[in-house]
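Residue numbers (our numbering), protein chains in the order written: chain X, 1 to 352; chain Z, 1 to 307; chain S, 1 to 290; chain V, 1 to 514.
Calculated from the structure, these hints are not laboratory results.
It is possible that part of the hints are untrue.
Examples of chain V residues toward chain X, derived with CB under 7 Å [to be verified]:
{"#": "1", "residue": "THR228"}
{"#": "2", "residue": "GLY373"}
{"#": "3", "residue": "ASP378"}
Simulated coverage check for chain S against chain X, where a stretch passes if three residues somewhere in it have a Cβ under 8 Å from a Cβ of chain X [to be verified]:
{"#": "4", "stretch": "101-114"}
{"#": "5", "stretch": "143-154"}
{"#": "6", "stretch": "177-189"}
Treat the numbers as computed from the prediction; the structure is a model and nothing was measured.
We put the CB at the ideal spot given by N, CA and C, even for glycine.
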Amino acid sequence: MRKLLQPILAVALGLALGLAVTWIAGESPWHVLKILEKGAFGSGYDFGMTLFYTTPLIFTGLSVAVAFHAGLFNIGAEGQLTVGALAAAVVGAVWSGLSAPLAPVVAVLAALLAGTIWGAIPGWLRARRGSHEVINTIMLNFIAAGLTSYVALYLLKNPDSQNPETRPIGPGYLIHQFGIFGGAPVSAALPLAILAAALVWVLLWRTSLGFEIRAVGQSEPAARAAGIDAGRIRIIAMCLAGGLAGLVGVGEVLGNAGKFKVGFSPEFGFIGIAVALLGRNQPAGILAAALLFGALHKGTADLDFETEHVTRELSLILQALVILSVSADGLWSWMKERRRPVIPETAGGVTC
Amino acid sequence: GAEFKVGLVLDRGGKDDKSFNASAYEGAMRAKSKLGIFLKYVEATDDNAFEPLLRAFAQRDFDLIIGIGFAQKEAIKKVADQFPQKHFALVDSIVDSPNVRSLMFEEHEGAYIIGSIAALTSKTGKIGFIGGMDIPLIRRFEMGYTAGAKKINPQITVIANFVGVTGEAWNNPPKGKELAVTQYEGGVDVIFAAAGASGMGVFDAAEEKKKFAIGVDSNQDWTKPGLILTSMLKRIDEAVFTTIQEGQAGKFSGGVKRFGLASRGVDYSFDQYNAKILTEPVRKQADELKAEIIAGKIDVPDYYKKH
Amino acid sequence: MLAQLLASTLRVSTPLIFAALGGMFSERAGVVNIALEGMMLLGAFGAAVGTLVTHSPWLGSACGMGAGILLAALYGLFAIRLRANQIVAGTAINMLALGLTPFLCKILYDVTGSTPPIPIDQRFRTAPLYLSWVLVLVCWVWMKRTPSGLWISFAGEHPEALNAAGIRVNRVRWLAVLISGALAGMGGASLSIFLSSSFSRNMTAGRGFMALAALIFGKWKPVPTAIACLLFGFAEAVQIRLQGVSLLGSKPIPVQFIQILPYLVTILVLAGFVGHSRAPKAAGTPFQRE
Amino acid sequence: MDSSQIVDDTTAAVELRALSKQFGGVRANADVNLRVERGTIHGVIGENGAGKSTAMKILYGIYRPDAGEIFVGGKKCVWASPSDAIAMGIGMVHQHFMLAGPYSALDNILLGAEPVRWGFIERKKARERLESLARQYGLPVEWDRPVEQLPVGIQQRIEILKLLYRHSNILILDEPTSVLTPQETSDLFANLKKLRDEGKTIVIITHKLKEVMSFTDRVTVFRAGKVTGEVETSRTNPQELANLMVGRKVVLSIDVPPARPRPETAIEVQGLSLAGPSGSRHKLSDVSFSVKRGEIVGVAGVEGNGQSELLQALLHPRESRCRTAGPVRYLANDVTVWDAAKIRDLGVAVIPEDRQSEGLLLERPVSENFLLGLQRSDAFSRAGFLRLRNLEKTATLAVEEYDVRPRGLMNTAGQLSGGNQQKLIVAREFQRQPQVLIAAQPTRGVDVGAIEFIHNRIVRARDEGAGVLLVSSELDEILTLADRILVLYEGRVVAEFQRADVSERELGLKMGGG
Ligand SMILES: Nc1ncnc2c1ncn2[C@@H]1O[C@H](COP(=O)(O)OP(=O)(O)OP(=O)(O)O)[C@@H](O)[C@H]1O
Ligand SMILES: Nc1ncnc2c1ncn2[C@@H]1O[C@H](COP(=O)(O)OP(=O)(O)OP(=O)(O)O)[C@@H](O)[C@H]1O
Ligand SMILES: [Mg+2]
Ligand SMILES: [Mg+2]
């Protein structure tokens, strides 16, 4: 009960702080809150856009979380999702003749594989060369951006557009979009993401491999002593993390754009870190957190419309404050401490 | 009888990029003050945000909705088809719907003139180009610029650099400055910057090295008087203003509107800030080239057509 | 040519050195500092605003450091006092800075995302560059020779030992985090009033993370960290010069390949030569007195 | 404040009155009263988790008491932090040393008491004073070496030098002897006596009744957070103390029937040579031995003489760096290139040297700790999936059988006291039905009741046919359990004895390199 209540209270606190900021900027917090709510959930379409943003955040949140469980910090989801999306688009553009049941499956596998490889690199480097995954994943983000933009601009350029993007994928690749969201691109990627969350849960908490991943993350020496090859587990975890992030490409390429667009992601990889952390690295928590962040992202986009001074930047401020207040483990004990009558006050130091 | 309502959806750089979006915003603001329209503008957070924003305008009964930047092409197409009774305009890309007006600029023509000005001004025989990201639009600038320079001086060296590989490339003035400093130190004495906010870094370098730089999209001559040789104007403001004016007057029409040298949709700037540095003979030659292009005597290479 | 390359290297590495040394203080004291990026960004903003108001880059950079300290204080409140997960709180601080700076620009100047430009005579020409190297020396002496340096080291390596020796661990950590904010703020200031002429949205462009990488690369020691920053700066400077150069006389190498060079070099060097670099043992673990 | 100002000889050096301290739900100290007379060596004993360390940490200012009072030299004191206690002349050597591995011995000692001039630490001056202290008490240390490269015995010297360096008058030592050889132990007590005779007051926590009996003046007994007795050492006996500690009668040493070794070899090592982790001083050189099934071979030796390297070579033969020679065989399989998982699948159970870092996932529940290493066993997994119901059933039984307290499977391992953590590890490892058991320091810091239990288990495993390698620095343990004894000194096997043929004195001599 407390476990559930605490994050909810914290989210509320974060939102309250954020809205206080809007008040400083001269807008009524209540008004802003209503805009946010309406922007995110106001209509089928709005809610659809919220879900559309939620989908990639589920994948990246899971990606970060799986790595976290293995004691690794994956800042590289951004790069992994970039190569994943590119791979799906390349497959779809090169073998554009492929038709429906097979085509999307091939493209999904391509996204998965590309992401996996992009995750495996820092995993391998950490496990076998001892170099820190934080640096390597950051570097690989830049490298992914460079390589994918080269492919999109020179190898598979879209002749019909000035946009830096690849040729469109074959029609057989496009996946189902749900009609009930008034045209918002909510596709089969969303159920795929929920399925992925379920599978990650099963993996982590119900399988031997998942236990080994968590054991390595908890204590490498203990895992090693128990006969677990920590290096191997780390590589596997990073492969999984990369693959999960790579699946972002499914919703974007197969379910929305129909091609790879350079810079399509508004930093889903980084927001994924926040999602994982807010969701306490638990799949169910990640689903909830991804929805929250998706809603904030969508809701704040409408702020420009409705207010004078408050802009889309509020989205970042709100997200930041929510994460901060959720992260503050000590907040609760601190508040309790405050209430507890203080026994021999210690502030004075020696009182001999 | 009701007020004419215009919605403006800016690209990610935002209205204060002193360049591309700024130009569009300025045109819209001019319409607001001169024509008394109702104006609302928004800035997108990401590529996928365009559609909801456009749609929100359409649903809120805006009469004319203008998208700035090629990234909105598909979103405009989709929303325009869903709201056939509304009018749309799009800058920098073509959407083939009856209720959409595509505002296309012949950047390569403008860049050609800019290239000739740079070559005419350069004393070292080396000029530079600094783009934000390596994308077709920027390559189009670069190609026209190079061709114009070579027209004046076939031996001239054009050094082209790009700031980065991610969206940060448009917002990294320190990197733009470093690229420019490197070019200046390598003997370049005029740099054309087409790099969004990173271009400010190029101007800073010009200021420190006392060399020339050239602005883009808006008239940027005022930012460093006496150092910005000229700016390649892309009169998005004009295009936007005219579109609004016609819309208000009930004379909106779809289709492609092209803005080249002929229509003064692209041009070079000349005002009190660069009067001393953009010399008479240079301007004369540039104007001659301009006339030749308008007359179709020079075939300016267009990256869009070649790739 | 070589001198220019060196000058370019030194310039590019200046903000990295400040930020990385800032990171060193907090991480050596046991507080992981993912928030460097945000502190730099707010520092860059503060310095630009400060210079615009005071017309002096020195006062301006003081404002930048102040802004960094302010954000560091918020980070400290969560990471130290409230024992938040440091990576979480750090990520949030980065977001906050990313959101807050354009927000403030809008309020202060009614401009989204940037401040007005700062005239050249109110900007730094070279001072931060020299200052950064003086700082490397100062930090080296500080960590090696002074009591507070020793305390900082112990706060990150074995806080219980420091506590048992009668020093308040969390006070030391507070000190280190605030210093970290000041230095990261100075790193940001060198971006906005030294390497360019105004603040613009997200102008740090990942430099805080590069600084973090340099810190790990430099094994959390001041001099090697500064050298790592130099290496990154060098890779960047070379990259700039390689753009458009053609190998084997044929077409130029695609610019994207040149641009990823510094990142590739970092990965290779790290995997090849540096080997294991061990973080301070207690980095990331909040300290609590029962 | 210089505590020599306190002159009144009739007051106690330290007095704790009605001290209480609660951690979450655990009452670590409840109404503790303790009086330590000036110029005495005062023993504090009690089972694991009885509250000894807690009481001392409160006295030293690390923990804040929930209630109760501290008197030093008759004056009531309230500590804001250890610095206040230090200022009053109190010093403490902690159960788990307070040393930062990568830093030099000198810096570790100076910390918090640095001599400063112009803002800089005057290391030279400090070193001079320390050198004279080291000479005076016979405690030489290599000042500039990182402490992680120094043997534990030296590390303890460093801890003691810290106190001397700070002019502490009241010295608290928490289980100082658990890592020392008999020789080092008696050296330590000789020094403590010297210090006492110079007028200092010493409080020493220990589990070893023998030490209490031979070296202390008075002794306080803790049980379950309370003080159950405070007596003059000369008026008590080990049996009485043990009963006070445990609250029931305990057998002080178990009777081990002679072994009946089987012909099969459990472990065999030939000519093993190995460099330790970088910086460690001892390597293994040319170590050869074998362990038959059904016997216990003890490896005696002072810590830091190659035990860790030997364990590393036995458990991770493939990863051991810089191996120069020597195959490792288990049950007739050459495992030199095997990974740890495969070795363990042969039926090799391990009680690791450092239970907290190598044996447990401290933040995970007991049930998961019970699973660790068995996650792929048939009992707990099928087709890659965990059989959680089986795990719960088996773990519940095991926790019961091995008397892990508290019983709940959902407590985290970190919430258990040291002894209970060890029992949990033993329970888990015995779940494998080991053919080979490698037990490293199986009862370090564990109370008498638990020692008895663990020892019985090891003997039972032997009698069921396991080959046991017992690595221990406790002579009593080796002498009680081992059928054969190897002595490891500076990475070599310097002696081999049958248990019946060797005396404690002889063994101690060999361990010291004699
Ligand atoms: N930091 C702490 N947090 C929570 N509980 C604690 C803490 N320290 C001690 N305890 C609890 O207090 C009890 C007493 O612990 P303490 O360390 O004082 O025992 P001890 O007598 O020193 O035992 P041992 O002989 O094993 O050293 C333990 O059982 C434990 O449950
Ligand atoms: N988070 C926690 N919650 C509850 N109890 C804890 C926690 N952390 C530590 N403890 C308790 O604190 C005690 C640590 O005290 P101490 O360092 O004296 O260990 P110990 O019990 O003496 O172990 P040993 O057997 O090694 O002597 C443990 O016994 C454990 O029960
Ligand atoms: Mg204890
Ligand atoms: Mg103990």
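Quick rundown of the hints versus the structure:
1. At a threshold of 7 Å, the smallest CB-CB gap from V/THR228 to chain X is about 25 Å, leaving the interface hint violated.
2. Look at V/GLY373: its Cβ gets to within about 3 Å of chain X, closer than 7 Å, so that hint holds up.
3. Residue-level restraint check for V/ASP378 is violated (minimum Cβ-Cβ distance to chain X is 11 Å; threshold 7 Å).
4. For the stretch 101-114 of chain S, the proposed coverage by chain X is satisfied: 5 residues have a C-beta within less than 8 Å of a C-beta in that chain, meeting the threshold of three.
5. With 0 residues having a beta carbon nearer than 8 Å to a beta carbon of chain X, the stretch 143-154 of chain S misses the requirement of three or more and the stated coverage is violated.
6. Residue count for the stretch 177-189 of chain S with a Cβ under 8 Å from a Cβ of chain X: 0. That is fewer than the three needed, and the coverage hint is violated.
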